[in-house]
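Visitor: Residue numbers (the numbering used here), protein chains in the order written: chain E, 264 to 502; chain Y, 264 to 502; chain U, 264 to 502; chain S, 264 to 502.
Since the hints were derived computationally from the structure, they do not count as laboratory data. Ideal Cβ positions, reconstructed from N, Cα and C, are used throughout, including at glycine. It cannot be assumed that every hint is accurate.
What the hints assert, rightly or not - In silico DSS-like cross-links for lysine-lysine, where the CA-CA straight-line distance does not exceed 25 Å:
no., chain 1, residue 1, chain 2, residue 2
1, U, Lys491, S, Lys491
2, S, Lys501, E, Lys501
3, U, Lys277, U, Lys467
4, Y, Lys491, E, Lys388
5, Y, Lys501, E, Lys388
6, Y, Lys491, U, Lys388
7, U, Lys491, Y, Lys388
8, Y, Lys388, U, Lys501
9, E, Lys388, U, Lys388
10, Y, Lys467, Y, Lys277
11, S, Lys467, E, Lys388
12, Y, Lys491, Y, Lys501
13, S, Lys388, U, Lys501
14, S, Lys501, S, Lys491
15, E, Lys388, S, Lys501
16, E, Lys491, Y, Lys388
17, E, Lys491, S, Lys388
18, E, Lys277, E, Lys467
19, S, Lys491, U, Lys388
20, Y, Lys501, U, Lys388
21, S, Lys388, Y, Lys388
22, E, Lys388, E, Lys467
23, Y, Lys388, E, Lys501
24, Y, Lys501, S, Lys501
25, U, Lys388, S, Lys501
26, U, Lys501, E, Lys501
27, S, Lys388, S, Lys501
As the list claims (entries may be wrong) - Computed Cβ-Cβ distance ranges for the label pairs, DEER-style:
no., chain 1, residue 1, chain 2, residue 2, range
28, U, Glu301, E, Glu339, 49 to 55 Å
29, U, Glu496, Y, Leu335, 17 to 23 Å
30, E, Arg266, S, Ala495, 34 to 40 Å
31, U, Gly405, E, Leu335, 30 to 36 Å
32, U, Glu301, S, Met264, 16 to 22 Å
Protein chains: 4
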Amino acid sequence: MIRVMIWNENRHEKTDASVAAVYPEGIHGALAEPLRREPDMTVRTATLDEPEHGLGAGALESTDVLVWWGHLAHDEVLDEVAARVQQRVLQGMGLIVLHSAHMSKPFARLMGTSCLLRWREAGEKERLWVVEPGHPIADGLGPWFEIAHEEMYGERFDVPSPEATVLISWFAGGNVFRSGCCWTRGKGRIFYFRPGHETFPTYKQRDVQMVIRNAVRWASPGDGPVMKLGDAEPPLEKL
Amino acid sequence: MIRVMIWNENRHEKTDASVAAVYPEGIHGALAEPLRREPDMTVRTATLDEPEHGLGAGALESTDVLVWWGHLAHDEVLDEVAARVQQRVLQGMGLIVLHSAHMSKPFARLMGTSCLLRWREAGEKERLWVVEPGHPIADGLGPWFEIAHEEMYGERFDVPSPEATVLISWFAGGNVFRSGCCWTRGKGRIFYFRPGHETFPTYKQRDVQMVIRNAVRWASPGDGPVMKLGDAEPPLEKL
Amino acid sequence: MIRVMIWNENRHEKTDASVAAVYPEGIHGALAEPLRREPDMTVRTATLDEPEHGLGAGALESTDVLVWWGHLAHDEVLDEVAARVQQRVLQGMGLIVLHSAHMSKPFARLMGTSCLLRWREAGEKERLWVVEPGHPIADGLGPWFEIAHEEMYGERFDVPSPEATVLISWFAGGNVFRSGCCWTRGKGRIFYFRPGHETFPTYKQRDVQMVIRNAVRWASPGDGPVMKLGDAEPPLEKL
Amino acid sequence: MIRVMIWNENRHEKTDASVAAVYPEGIHGALAEPLRREPDMTVRTATLDEPEHGLGAGALESTDVLVWWGHLAHDEVLDEVAARVQQRVLQGMGLIVLHSAHMSKPFARLMGTSCLLRWREAGEKERLWVVEPGHPIADGLGPWFEIAHEEMYGERFDVPSPEATVLISWFAGGNVFRSGCCWTRGKGRIFYFRPGHETFPTYKQRDVQMVIRNAVRWASPGDGPVMKLGDAEPPLEKL
Numbered sequence: 264m265i266r267v268m269i270w271n272e273n274r275h276e277k278t279d280a281s282v283a284a285v286y287p288e289g290i291h292g293a294l295a296e297p298l299r300r301e302p303d304m305t306v307r308t309a310t311l312d313e314p315e316h317g318l319g320a321g322a323l324e325s326t327d328v329l330v331w332w333g334h335l336a337h338d339e340v341l342d343e344v345a346a347r348v349q350q351r352v353l354q355g356m357g358l359i360v361l362h363s364a365h366m367s368k369p370f371a372r373l374m375g376t377s378c379l380l381r382w383r384e385a386g387e388k389e390r391l392w393v394v395e396p397g398h399p400i401a402d403g404l405g406p407w408f409e410i411a412h413e414e415m416y417g418e419r420f421d422v423p424s425p426e427a428t429v430l431i432s433w434f435a436g437g438n439v440f441r442s443g444c445c446w447t448r449g450k451g452r453i454f455y456f457r458p459g460h461e462t463f464p465t466y467k468q469r470d471v472q473m474v475i476r477n478a479v480r481w482a483s484p485g486d487g488p489v490m491k492l493g494d495a496e497p498p499l500e501k502l
Numbered sequence: 264m265i266r267v268m269i270w271n272e273n274r275h276e277k278t279d280a281s282v283a284a285v286y287p288e289g290i291h292g293a294l295a296e297p298l299r300r301e302p303d304m305t306v307r308t309a310t311l312d313e314p315e316h317g318l319g320a321g322a323l324e325s326t327d328v329l330v331w332w333g334h335l336a337h338d339e340v341l342d343e344v345a346a347r348v349q350q351r352v353l354q355g356m357g358l359i360v361l362h363s364a365h366m367s368k369p370f371a372r373l374m375g376t377s378c379l380l381r382w383r384e385a386g387e388k389e390r391l392w393v394v395e396p397g398h399p400i401a402d403g404l405g406p407w408f409e410i411a412h413e414e415m416y417g418e419r420f421d422v423p424s425p426e427a428t429v430l431i432s433w434f435a436g437g438n439v440f441r442s443g444c445c446w447t448r449g450k451g452r453i454f455y456f457r458p459g460h461e462t463f464p465t466y467k468q469r470d471v472q473m474v475i476r477n478a479v480r481w482a483s484p485g486d487g488p489v490m491k492l493g494d495a496e497p498p499l500e501k502l
Numbered sequence: 264m265i266r267v268m269i270w271n272e273n274r275h276e277k278t279d280a281s282v283a284a285v286y287p288e289g290i291h292g293a294l295a296e297p298l299r300r301e302p303d304m305t306v307r308t309a310t311l312d313e314p315e316h317g318l319g320a321g322a323l324e325s326t327d328v329l330v331w332w333g334h335l336a337h338d339e340v341l342d343e344v345a346a347r348v349q350q351r352v353l354q355g356m357g358l359i360v361l362h363s364a365h366m367s368k369p370f371a372r373l374m375g376t377s378c379l380l381r382w383r384e385a386g387e388k389e390r391l392w393v394v395e396p397g398h399p400i401a402d403g404l405g406p407w408f409e410i411a412h413e414e415m416y417g418e419r420f421d422v423p424s425p426e427a428t429v430l431i432s433w434f435a436g437g438n439v440f441r442s443g444c445c446w447t448r449g450k451g452r453i454f455y456f457r458p459g460h461e462t463f464p465t466y467k468q469r470d471v472q473m474v475i476r477n478a479v480r481w482a483s484p485g486d487g488p489v490m491k492l493g494d495a496e497p498p499l500e501k502l
Numbered sequence: 264m265i266r267v268m269i270w271n272e273n274r275h276e277k278t279d280a281s282v283a284a285v286y287p288e289g290i291h292g293a294l295a296e297p298l299r300r301e302p303d304m305t306v307r308t309a310t311l312d313e314p315e316h317g318l319g320a321g322a323l324e325s326t327d328v329l330v331w332w333g334h335l336a337h338d339e340v341l342d343e344v345a346a347r348v349q350q351r352v353l354q355g356m357g358l359i360v361l362h363s364a365h366m367s368k369p370f371a372r373l374m375g376t377s378c379l380l381r382w383r384e385a386g387e388k389e390r391l392w393v394v395e396p397g398h399p400i401a402d403g404l405g406p407w408f409e410i411a412h413e414e415m416y417g418e419r420f421d422v423p424s425p426e427a428t429v430l431i432s433w434f435a436g437g438n439v440f441r442s443g444c445c446w447t448r449g450k451g452r453i454f455y456f457r458p459g460h461e462t463f464p465t466y467k468q469r470d471v472q473m474v475i476r477n478a479v480r481w482a483s484p485g486d487g488p489v490m491k492l493g494d495a496e497p498p499l500e501k502l
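Please put together the full structure from these sequences, using the hints given.
Guide: Dropping the structure here:
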């Protein structure tokens, strides 16, 4: 069983009626719904305004893959919680970073770069091309899929060069973006997935749900060695 | 079910009594034995001296992951068969390349480099260090494992820089080697695994078997898009 | 001094008046002209219909960076010459592969994949975004540049994942493409650069010339070790 | 001219007579000496106990490549200065991280991982193998070089998978290590180079000096585009 935790800032939903209309159960609710139908996953949710943002150590210790959506209130996430998420990723927890969470604290700490990008709210068409058809995150997709209306994110996206770039987006307004990016940090796997502006029903779209579901499976922890690092050790061979 | 095909040159076993003593059922037999115990795998074997080396189109079409061991007779492998293996990898078949198969025709065609390396037959100790503990191929391993007696392979190994280097070997005689290397070519995943000199019972060792088993699972084909390439196409957007 | 050799198939220019009108001195002539103004480069050209295609062993031995344009007649390039180019790259010669040379024999041998892609001749707008602004091949560029009319090449481009993707193209008709891709093979550096359809004056555009000039410098050979590979050797340490 | 700044913690030299005996002008002095002979470099030094550690904004603004050695007092480096170094790297400054600086604040911030490793002080033999002979940092080296006595650093080294691994070390005591590692972060290039324990005259050795000199050249900033990120922008194409 993959123990999935979906974390959502959950602020737009409370303050903006148009967002609440699109996501009446919150973005976390919309993200959770299709994953709950997967037989190999159990799904919990947590939000910013819960104590410790719902991510106390116990919660993270029992999480295999953390999905993160945030936008307005990155700064309100406690440094202590961001550091804890980072540590858990290094120990093997998967992390799926969605849309405006490119500026979230855990992602920024793990990337080491500014994570800035170009952006435009014009509700334009986005077409996502699969550039690595053999990657597990592309399972079940066609050569491309479209989102009718989305916020634009454009290059330069200031992140470390991904270990695999699964998707590249085309935007009607003239931009491109590496929209599906994989990294390993410590023992953990990280996937950034671009779509998901709060005013569009992007997370209700089948292709988008498929990518997230595939990413959760891809990022779920393995059983590799626990590395005892940082301590002096004797030689293995005679010197 | 992962349909595994183990291909072995099977010449040392016929001409060298010491090899036959170590591997009475052939290297392919030794490789097949532990995989046959896996509930999600079916295993067949094929050898050089069969018609079309046991790799007629039908055989390859029904193979998910091909394991390849060769040494003395790389040149006897028909170019047509090597090209067929290459094509199947590009379409998604996994390929596990073992030890002296670094000079095999299918691997050389897929790498595009000389695939040369340093080597020495001195039966020295090899210690394989896990450098990517989060990679699926490292599942179940400790921080390192040893092989008491092996042929040495040393850097520079003339291959394209791996997408992931899971294992690096230390040799008592003073050399190092990238011993567990991952690449994607087309839709197919390729893993090169260094150990397995014919005069040592390396493939009977548990850690070695574990790496090969993990690699077969990692390299098994996904369900990504079939890409229709090479044909002219109309614009998707109005020009 | 970087010794540059520009190789051009030079067939369109002879048979198609519209191409001859755009490139009266041949595509090789247009590519050579700006490089001849660089103080650190000497430039020669060679074409398909010369003996050994102008690429006898002596010519390649005295080449630091080879620029390759071909389209109609990839099959007429002798296998022996393609193999010689491949060997020289592995020894350290740089290779700049332009536009339709994605299907050339030397490139295909070095990549190991089909090198196929989507394409469309509609003279549409191409906008090339810099995604690695710190890469030497991006020197002097702005965040993006445009080509008013070009043939479209679209993903999936079936090549090994590049070591660096410097440029990604947006096409008006709805496609994206990794247009500036870097690989190392053996000791040699390879850069694929997408633009350059024969019916458009692409190679007379300043940004395009700048990319090619930067790529020639980036791909020029270093002074790294000559690796003696493939021979048995004694242990460096006492066994 | 490449403006090099060499930063040294400079504490061992003050408190440990054996270190002062090896490096009477400080580790920074020993690092500076060979670089001062390079006609394309100007070299300054700075140390921990200077105001702002000698790295005020002005000093960093006028630095092209920063070389960093630290060990005992990583925690004493001000967070503000570490953040400033990180920002300058993202803007294009090169960073050469030496030996025990794997745990320095700037490096840890840029990597996003624990940067831990195995270690042992036994003065054992280290042999560094060149695994990317075509990389500029390998210029002038042979297939390998040795350091007679060094501290051991061993894998797992918890850093993001390098974009290029130029050197891998063999240690007599049975360990291996990725000793020459390249990354790009933002527009800046980072090189980690393993050797340089304070009690051994490692930085006086010619091969070691050659690697550092090559790395400084490789990491010196280019002239790529300044990316204005983080602002909304109008569509470039009509929607």
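Visitor: List in ascending order the numbers of the hints, as given earlier, that are violated by the structure.
Guide: 1, 2, 11, 27
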